[in-house]
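K.L.:
Take a look at the letters that make up each chain.
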Amino acid sequence: MNTMKKKALMRLAANVRMDILTEVYSANSGHPGGSLSIADVLAYLYKYELRVDPKNPDDPDRDRFVLSKGHTAPALYAILAESGFIPKEDLTGFRNIDSYLQGHPDMKHTPGCDMTSGSLGLGLSAAAGMALGAKHQGKDFRVYAICGDGEIAEGQIWEAAMFSAHYKLDNLCAFIDWNGLQIDGRIVDVMNSTPIDEKFKAFGWNVQLIDGHDFDQIEKAVKCAKETKGKPSVIIMKTIKGKGVSYMEDKVSWHGAAPNAEQYEQGMAELRAALAAIDE
Amino acid sequence: MSDKKATREAYGEALAEFGAKYDKLVVLDADLAGATKTATFKKAFPDRHFDCGIAEGNMVSVAAGLSTTGLIPFASSFAMFLAGRAFEQIRNSIGYPHLNVKLGATHGGITVGEDGATHQCLEDFSVMRTIPGMTVICPADATETRAAVEAAINYVGPVYLRFGRAATPVLFDRETYKFEIGKGVVMADGKDVTIAANGFMVAIALEAKELLKADGIDAAVLNIHTIKPLDSELVCSYAAKTGAIVTAEEHNVIGGLGSAVCEAVCGKTPVPVLRVGVQDEFGRSGKVQPLLEYYGLTAANIAEKCKAAIALKK
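Those protein sequences? They're chains A and B, same order as listed.
Positions 1 to 280 (my numbering) are the ones given, in order, by the first sequence.
Positions 281 to 594 (my numbering) are the ones given, in order, by the second sequence.
Keep in mind the hints are simulated off the structure, nothing from the lab.
Among these hints, one or two may not hold up.
Said to hold, decoys possible - Capping the alpha-carbon separation at 20 angstroms, the derived lysine to aspartate or glutamate pairs in DMTMM-like fashion look like this: (1) A:Lys-231 <-> B:Asp-331; (2) B:Lys-304 <-> A:Asp-189; (3) B:Lys-304 <-> A:Asp-58; (4) A:Lys-139 <-> B:Asp-327; (5) A:Lys-135 <-> B:Asp-327; (6) A:Lys-199 <-> A:Asp-189; (7) A:Lys-135 <-> B:Asp-303; (8) A:Lys-47 <-> A:Asp-211; (9) A:Lys-168 <-> B:Asp-327; (10) A:Lys-168 <-> A:Asp-184; (11) A:Lys-108 <-> B:Glu-368; (12) A:Lys-6 <-> A:Glu-219; (13) B:Lys-304 <-> A:Asp-59; (14) A:Lys-231 <-> B:Asp-327; (15) B:Lys-304 <-> A:Asp-140; (16) A:Lys-168 <-> B:Asp-331; (17) A:Lys-139 <-> B:Asp-311; (18) B:Lys-508 <-> B:Glu-368; (19) A:Lys-168 <-> B:Asp-311; (20) B:Lys-508 <-> B:Glu-561.
Stated by the list, open to error - Cβ-Cβ distance ranges computed for the label pairs, FRET-style: (21) B:Asp-327 <-> A:Ala-202: 45 to 51 angstroms; (22) B:Lys-301 <-> A:His-166: 47 to 53 angstroms; (23) A:Pro-195 <-> B:Phe-562: 38 to 44 angstroms; (24) A:Pro-195 <-> B:Asp-327: 34 to 40 angstroms; (25) B:Ala-580 <-> A:Asp-184: 54 to 60 angstroms; (26) B:Gly-350 <-> A:Asp-189: 42 to 48 angstroms; (27) A:Lys-168 <-> B:Lys-285: 36 to 42 angstroms; (28) A:Asn-96 <-> B:Gly-576: 48 to 54 angstroms; (29) B:Asn-434 <-> A:Lys-108: 55 to 61 angstroms; (30) B:Glu-460 <-> A:Met-1: 57 to 63 angstroms.
Said to hold, decoys possible - Residues from chain B shown here face chain A by an in silico Cβ test under 10 angstroms; the list is partial: (31) Ala-335; (32) Val-342; (33) Ser-373; (34) His-378; (35) Gly-547.
Ideal placement from N, C-alpha and C gives every residue a C-beta, glycine not left out.
Produce the complete structure using the sequences and hints provided.
P.N.:
Here it is, written out as C-alpha cells:
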C-alpha cells in the first residue's frame, strides 16, 4: 500500500474514532471499547473495498456489510457518517429518544445499514443468507461481516460456519475482532473461544490471522479472501480493545461505559494529536 | 367432506405449485423436508430448496438475509422448533426489521400424535402473535392452506403459518374459495352462540353445531384462520348477535385464539367466552383420536361448553 493511501486510511480511522467517542459521550451510554478496535478495518472496507454508494444505499447489487457484533454500532454510524450515508451532525443523537440512531443497528431507519443486529450470534447467519442470495441469483456482490471474539461463544455462529462452508459461500468474508475482552473479563477466563483459527479451519473456512490495526495486512487479507474460491473466508484480526484512546486500551471496564467530560476531552486530544501526526 | 388431507401435505403441494408462478420463492428446511412436505417443492425445484441441517436458529437468520436480496424465503420446520427453538431469531432477525420471510410451521398442536409432548407445540400462536407486525395464520383445510400460502407470498412482511400433521376434512372448494389475510370466514350462521375455531378444530366445530341443533340450539361457526391480525369486527359482530362465544383451538388456552377473542370482545362487546383447548398442560403420546378426547378437543365438549356459555348470558 502506498503512503498516500495509508495516510488517507489513518486520517479516516482517526476521524471514525473521534466520532465514536463523541457518540458515546453524547449518549452517556454505549460501547466504546469494541467500537474503537474495529475502526481501522471499517475505514479500509468503506474507503477502498465495499462497492457501495451513499446516494443509492439500497442498490440491490451493492456489497453488503453486517455488523454482527451490533453493540459496536457507534463504529458503524461513524463510518456511515464519514462515508456520506448519514449526516455527521446526527451522531450526537445516538441512543436518544428523538434519533433514528438506535443503541444497536436498525436497518429500517439507518441508510447504509444492511442488517439489524445486536442480539449476538445472528448476524453471521444473516450474512450467509445474503451471500447465498447473491449466488442463487447470479449476482456478484460480496458480503462482509464482523463478529466479536466473545460473540463466537454463541452456538449459532458455528451453525452459520457449517452452513457457509457447506454452500461454498466464497463471496462471504467474516472478520473476528479478537481483542481478547468481553463484558465479564478476558475471553480466556470467561469462556475461552481460542484457538479461533483452528476452529474455523475445522469448519472448512479459508483462515487468515492478521494484525487488525495494520492496513497492509488488512488489504492483503481481503485480497486473499476475494481470490479464494469454493469456501468462505475468515480474517481473524488481533486488535486492541479501546485502540487509540490510551486510558481505554485493553481495559474491560470500557466495554460498555461512557467517558466523563474530562475523559472525553483527553481522548479527543489524543486522537487529534494522532491525526496531526499523520501529516507531519 | 368426504376427502381428507393434512394441511402439511397441502403446504408442500402449494409450494411446488407456486414455485412455478413465483420465481423469487425459495424454501429452507432443517432436515425435516420429508415430514414438513417441503420435499414436494424440492423435487420440483431442487436448486431452490436449501437444507440447513438441524440448526433452526441459523435457518431463520439465513432466511432473513436471503429476503434482503429480493427472494421470498419460506423457512420450515416443526412448529416447536420454529416458534419455540428459533423464537429469538424470528423476533430479532425477522420481526424487528419486518423482513419478508414466511415461516411454514408444520406439526402444530397435539395431533402430532405418538411423538409426544416434546414435539407437540401448544404455544406458537401465543409467542408468535406477541411479535409486533407478525401475521399468524392457521388454515382449516387443504384448500385454505393453498390459498393462505399464495396470500403469504403476495403479502410483503413476516408471516407465520401453522399446519397440522393429521388428515382433516376438506371444507372448501378450490375453484370458488376466496381467502383474505385477517378476514374470518362465516362457516355457518346461528343466533344462540358463536363457535370461533381455527385449524383442525374448524371441522370439529361444525360437528358440534350439528350436535347442538339436535338440542334446539342454533350455533354460528366462524373460521378465524388469521389469529393476527384478528378479524375483531367479525368476532365482535357475532358477540353482539349471539351473546356468547366458545373458542376452539389446538393450542394452550393461554395466549392463543381464545385469548385473542377475549381481548377483542372485552373492550367492545363483552360477552361470556369459554375456551376449548389444551388446559395449560403439555401433550402426551397417543393416536390422534384418543388424544383429542383426552384433551377435550371434541365436538361433544364444544357443544357442552356452548350450553354453559349460553347459561352465562346476562
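K.L.:
Take the hints in turn and mark each one as holding or not.
P.N.:
Against the structure, the hints come out as follows:
no., hint, verdict
1, A:Lys-231 <-> B:Asp-331, "holds (18 angstroms)"
2, B:Lys-304 <-> A:Asp-189, "violated (47 angstroms)"
3, B:Lys-304 <-> A:Asp-58, "holds (18 angstroms)"
4, A:Lys-139 <-> B:Asp-327, "holds (16 angstroms)"
5, A:Lys-135 <-> B:Asp-327, "holds (11 angstroms)"
6, A:Lys-199 <-> A:Asp-189, "holds (18 angstroms)"
7, A:Lys-135 <-> B:Asp-303, "holds (15 angstroms)"
8, A:Lys-47 <-> A:Asp-211, "holds (19 angstroms)"
9, A:Lys-168 <-> B:Asp-327, "holds (14 angstroms)"
10, A:Lys-168 <-> A:Asp-184, "violated (35 angstroms)"
11, A:Lys-108 <-> B:Glu-368, "holds (19 angstroms)"
12, A:Lys-6 <-> A:Glu-219, "holds (10 angstroms)"
13, B:Lys-304 <-> A:Asp-59, "holds (18 angstroms)"
14, A:Lys-231 <-> B:Asp-327, "holds (19 angstroms)"
15, B:Lys-304 <-> A:Asp-140, "holds (18 angstroms)"
16, A:Lys-168 <-> B:Asp-331, "holds (14 angstroms)"
17, A:Lys-139 <-> B:Asp-311, "violated (28 angstroms)"
18, B:Lys-508 <-> B:Glu-368, "holds (19 angstroms)"
19, A:Lys-168 <-> B:Asp-311, "holds (19 angstroms)"
20, B:Lys-508 <-> B:Glu-561, "violated (23 angstroms)"
21, B:Asp-327 <-> A:Ala-202: 45 to 51 angstroms, "violated (28 angstroms)"
22, B:Lys-301 <-> A:His-166: 47 to 53 angstroms, "violated (29 angstroms)"
23, A:Pro-195 <-> B:Phe-562: 38 to 44 angstroms, "holds (42 angstroms)"
24, A:Pro-195 <-> B:Asp-327: 34 to 40 angstroms, "holds (36 angstroms)"
25, B:Ala-580 <-> A:Asp-184: 54 to 60 angstroms, "holds (57 angstroms)"
26, B:Gly-350 <-> A:Asp-189: 42 to 48 angstroms, "holds (44 angstroms)"
27, A:Lys-168 <-> B:Lys-285: 36 to 42 angstroms, "holds (38 angstroms)"
28, A:Asn-96 <-> B:Gly-576: 48 to 54 angstroms, "holds (52 angstroms)"
29, B:Asn-434 <-> A:Lys-108: 55 to 61 angstroms, "violated (21 angstroms)"
30, B:Glu-460 <-> A:Met-1: 57 to 63 angstroms, "holds (59 angstroms)"
31, Ala-335, "holds (4 angstroms)"
32, Val-342, "holds (4 angstroms)"
33, Ser-373, "holds (5 angstroms)"
34, His-378, "holds (7 angstroms)"
35, Gly-547, "violated (29 angstroms)"
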